[in-house]
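S.K.: Given next are the chains, with one letter for each unit.
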Amino acid sequence: MTARILTVDDSASIRLTTKVTLSNAGYDITEAVHGAEGLEKAKSGQFDLIVTDLNMPVMDGLTMIEELRKLPAHAGVPIIFLTTESDADLKARAKAAGATGWLTKPFDPENLVKIVKKVLGR
Amino acid sequence: MNIPDPVAVFRIEAAELFEQIESGLLDLTHRLNDKDQIDAVFRGLHTLKGSGAMFGFDALAAFTHHCETAFDRVRKGEKPATSELVAAVLAAQDHMRALVDRPTDDHGDIGEVLLARLQHAVEGDAPQPAAVQPIPVVAVAQTPKSGLNSWRIRFSLPVNSMVNGTNPLGLLDELRDLGEYKVLVNTSAIPSLDVLIPTDLHLSWDVTLTTDQPRSAIDDVFIFVLDDMQLDVETLTEVVEPVAAVQAPEPPPVATPVVAVAAPVQVPVAATPVAERETAVSNASDNRQAKAAENVRVPAERLDELMDRVGELVIAQSRLRQLASASMDIQLRSVSEEIERLSGELRDTMMVLRMVPVGSLFGRFRRLVHDLARETGKVIELVTEGETTEVDKTVIERLADPLVHLVRNSIDHGLETPEERRAAGKDEAGKVLLSARQAGGEVIITIKDDGRGINRDRVRAKAESSGLIQPGAVLSDQDLLQLIFAPGFSTAAQVTNLSGRGVGMDVVKKTVEALRGAIDVTSQAGEGSEVSLRIPLTLAIIDGLLVRVGTGRYVIPLSAVEECLELSLEEDLRSRGRSFISLRDSLVPFLRLRDLFQTGTKPDLHQKVVVISTGTERVGMVVDQIIGDHQTVIKSMSKLHHDVATFSGATILGDGSVALILDVAHLVAAGQQQEAQVRAAG
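Taken in order, these protein sequences are the chains called V and D. Numbered by our numbering, the letters in the first sequence go through residues 15 to 136 in order. Numbered by our numbering, the letters in the second sequence go through residues 1497 to 2178 in order.
Careful: at least some of the hints might be erroneous.
According to the in silico footprint, chain V covers these stretches of chain D (three or more CB under 8 Å from chain V) [claimed, not checked]:
(1) 1503–1516
(2) 1654–1660
(3) 1664–1671
(4) 1856–1862
(5) 1955–1962
Simulated from the structure, these hints should not be mistaken for laboratory data. For each residue, glycine too, the CB sits at the ideal point set by N, CA and C.
Just chain V, with the same shape it has in the complex:
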């Protein structure tokens, strides 16, 4: 069965790259443009994985992750966050919020697929 991935990013170009990369890798992609929309879509559909940016308008990625993890239905869904800096503080906060893994921008599309595969498991 095709794994369903929700990607949340306010940057249209990053969204496009993510979508093209992951679609080509055989995943079913749904997009959201900020945390609030991501939360909304995550709640209304079953996703196998969420890939999210952290710095976003309306609702940032950290808040979205926290909110998602509060919901029993979404405990256990792997969440990968994208971050532009190797900011240890931000990474720690995202992990504390309940993120599963991360990927530093700029990223190599191959690397994204690799990490998605890693987190989704076999």
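Got chain V sorted already, so can you dock chain D onto it with the hints?
M.R.: Just chain D now, with coordinates in the frame of chain V:
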């Protein structure tokens, strides 16, 4: 599927980000401590850097990084937001635009200069050396094989790892992919059933692995949990035969080890219906935000194409209607009515598609005002209202230059210097109000200032000296003010840097009239001026009133029609020699179109008067017959007919013949003029 080029998408995105950043910065110039704006600017810079680096705009990413860092420090409260910093980033922004537009050009040392300024603004903080260094999180490149090693890996994961999406099975799979492996699971830490939380993880593992991969490959498996887990890796043997490696490891110190073939049980986490209902309720507030984001970008020319097609459809539909109405076939009639309704709806939907909020136009004035304030030394407060008012996108594009000119004019000629304002007992800051509102089929854009107002004596003197009017000519106040739109008119005693270049007021007026709009000006000495542009909402299709004059048919834009009256033959004869009718106690001048168009026909027994208005002025037009409403697809007239002022365009009727569209503004002016002449004569 046609996949858009990410670089092109990035460029569009960058343009939006620049707008967002600029708007935030300009807001900050007024309220330096506005946390929301600081965040917005930071986010914009951050995204610009991140996405830029993704798509090869390295110079942009490197440069933006410094601005982002500066704002990050402000955001975190380490540094105060200063107007110097805001100005430095505003200036830096133009360089960023250049880096997006021409990434490969040599931009010289502009960047360095800007960074030095930024650095100065952040107070002696040296910019951090290298900008964005791509930091690979997962080592993709594998180090060369180093022979076979046997490792004993004992690990336990944080209790909440499964809730946080880490799948221990996946980690074990990854270890197994590295080489020969054997795993024991330790279940001793599992609490008794009554206190067990099924989503918590209490297992630990003991893995023996023989692999040709280096130690770092093991760490890579645990990369995301490395900081929070317990991992103990020790070498068992070095460079051994693979077979020898599969030795039973020492049993772990505690409890009964279980050989995990299928590995630990992952507890499925099911949602209860109650929980789902709760989430559904809390969702409601986010709904709108999510909706607002669902936009599709379409190239403008495709919209224009679609508009053309809809126009053709409307023409074809009106032919069909004509055929159907002449036919006795009920079915044909019903289909025709259906098509009429659908094409009307399609037209309306199409109109809405072409509408964009005026706010996109107003946005660019904030920068203009900011720059003008610096240039003139005046203190200016720009207030915008009605940004959400929507106008056809072509109208917006064509209005941009005239509006720039009008705002410049207000600031340059209208507003006084702070000293002058103080002396006049006014607030030091001059106000410029830019507002938009919809009224019927028109949008009214107003530029209002609270400056010194238009000096009528100077207008008159200037008009007389440039030969626009006769010395001492009697003019109404409105006519006098309208002189500022005459070609070659300028009251500025000296041509400043601001006025005097680009379009003049006459061009402004021409542009507005070309959009079938009108321009009004009012002014109070010492209190300020107000210029209003009244522009039709759309250019392509209008609702028109089809009338007959003589044998010709003409269209009057329905939005301008106030009412229709009957003019009996007797009354017509009685009113000969005068040119106005009494309409509910007010006199309205009227024009006999039959005379104006010199049709040479006899008037109908029951002529009609169509009263049209431009908002402030009214005039009646005598026509022979009112045929009815007509969806009018406007076709512009050829260059040959450019000078025919009475008509603003033409349209094709259902039977294929052409009807001319009356230029309301011109006819109203002509009617008023005729009245003035009659009055002067009488």
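S.K.: Now look at each hint and say whether the structure bears it out.
M.R.: Going down the list of hints, with the structure as the test:
1. 1503–1516: holds (count 5)
2. 1654–1660: holds (count 4)
3. 1664–1671: holds (count 4)
4. 1856–1862: With 0 residues closer than 8 Å to chain V, the stretch 1856–1862 of chain D misses the three-residue bar; violated.
5. 1955–1962: Answer violated; 0 residues pass the 8 Å Cβ test.
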